[in-house]
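Visitor: Chain order of the listed sequences is C and U.
Sequential numbering from 1 applies to the first sequence in my numbering.
Sequential numbering from 1 applies to the second sequence in my numbering.
A portion of the hints provided could be inaccurate.
[Unchecked claim] As a list, the in silico DMTMM-like pairs of lysine to aspartate or glutamate whose alpha-carbon atoms are at most 25 Å apart:
1. K116/C - E202/C
2. K146/U - D60/C
3. K47/U - E38/C
4. K47/C - E154/U
5. K132/C - D35/U
6. K147/C - D60/U
7. K130/U - E38/C
8. K47/C - E149/U
No lab work stands behind these hints, which were simulated from the structure alone.
If you want the building blocks of each chain, they are given just below.
There are 2 protein chains.
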Amino acid sequence: MLTLYDYPDSGNAYKARLLLSHLDIPYKRVVLDIDKGETRTPHFLAKNPNGRIPALELDDGTVLPESNAIIFHLAEGTRYLPSDRVGRAQVLQWLFFEQYSHEPNIATVRYWIKHKIPMTPYIEQAMPAKRKAGIAALEVMETHLKKREFFVGERYSIADIALYAYTHVAHEVDFDLKPYPALRAWMELVALQENHIGIYQE
Amino acid sequence: MLTLYDYPDSGNAYKARLLLSHLDIPYKRVVLDIDKGETRTPHFLAKNPNGRIPALELDDGTVLPESNAIIFHLAEGTRYLPSDRVGRAQVLQWLFFEQYSHEPNIATVRYWIKHKIPMTPYIEQAMPAKRKAGIAALEVMETHLKKREFFVGERYSIADIALYAYTHVAHEVDFDLKPYPALRAWMELVALQENHIGIYQE
């Protein structure tokens with residue numbers, strides 16, 4: 001059985017939980033508290049030397065870190081990943097966009113605020129820079145969604161799952177989604193997909 | 001014929017040039033000067049709304065941004081991407097590691113210094129944070145390479161190409177690679193691959 005190293009508040013881990021729910025795949029869940037350093041123990045570092053969740057332990061013992069590698073792996077051969085080569089490349093385009101232009105901004109701001117990380121001179125300077133870059137990412141998404149319902153190939157895919165994870169909780173730390181009607185319509189559509197679960201759902 | 005929107009100094013664009021050389025695929029090269037705002041013109045934003053190079057224009061007119069999506073697309077069905085499902089997932093694991101934990105640190109420091117970006121309070125605070133995170137990424141790579149020659153499946157793949165791009169120029173901005181013998185041996189092996197080209201090679 002698959003084992004997911006998880007943390008309930010993590011949008012990255014939620015991507016894996018959401019896809020596993022869509023696919024109706026049973027798995028063992030091991031919750032590690034990132035605030036208590038449980039992802040930096042020698043035991044876990046032996047599994048993932050980068051010391052981060054999520055990580056998915058496969059049946060052969062391989063430990064696969066990186067949320068978007070995990071969902072690509074789970075989605076191969078299913079309706080959640082296009083079967084054509086250009087479609088797959090476009091899904092990857094949005095997965096890399098998410099990890100480079102979206103998550104480091106919106107998810108990091110959310111983490112700093114929700115986890116009450118002490119303000120340092122670095123965070124004080126980085127906060128407005130990350131807010132600005134996060135808004136730029138939302139605007140790229142809005143532009144794209146103005147002309148289509150889903151990110152790639154006119155159907156729900158792991159590109160939508162990856163981008164939904166931290167977009168739908170961005171309001172928790174005062175990213176204003178009112179200016180983005182296409183984005184809001186897309187989030188409603190995502191929540192209507194079969195076997196959808198919420199990020200805070202046990 | 002493929003068209004690569006390119007910038008000579010970019011390690012991200014170099015990944016695509018290097019793989020196109022390995023694969024011996026001819027392409028048209030369009031150089032855009034990022035310092036002169038040539039990736040933010042309405043003409044280019046219509047091709048890539050995220051306003052970044054590299055972007056690869058395919059024969060059907062699709063414009064594919066994101067360096068690691070480009071090299072995954074080009075590598076599908078070739079020796080540069082494993083044919084087994086777990087191997088592909090592990091390649092993606094390293095591609096996401098590169099874009100999340102390596103490039104935003106080492107490549108950003110390199111860009112700020114080489115392009116003489118004016119020091120702001122944000123850059124002043126971010127520089128040491130990014131140096132520290134860049135060193136942590138190099139240490140994860142060194143740990144992994146201590147036990148193997150290449151990143152995935154005991155053969156050269158796009159995981160090596162992606163990580164080589166900014167690692168082999170990290171010394172230009174004073175990242176010290178002396179403490180990482182496995183990393184240095186790996187860089188020598190990468191440079192020995194068939195049809196290897198240098199980042200500054202015209």
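Visitor: Hints first: check each against the structure and report whether it holds.
Guide: Hint check results:
1. K116/C - E202/C: holds, 23 Å
2. K146/U - D60/C: holds, 22 Å
3. K47/U - E38/C: This hinted pair is violated, its Cα atoms lying about 44 Å apart.
4. K47/C - E154/U: Judged against 25 Å, a Cα distance of about 19 Å means the pair holds.
5. K132/C - D35/U: holds, 20 Å
6. K147/C - D60/U: holds, 19 Å
7. K130/U - E38/C: holds, 23 Å
8. K47/C - E149/U: holds, 20 Å
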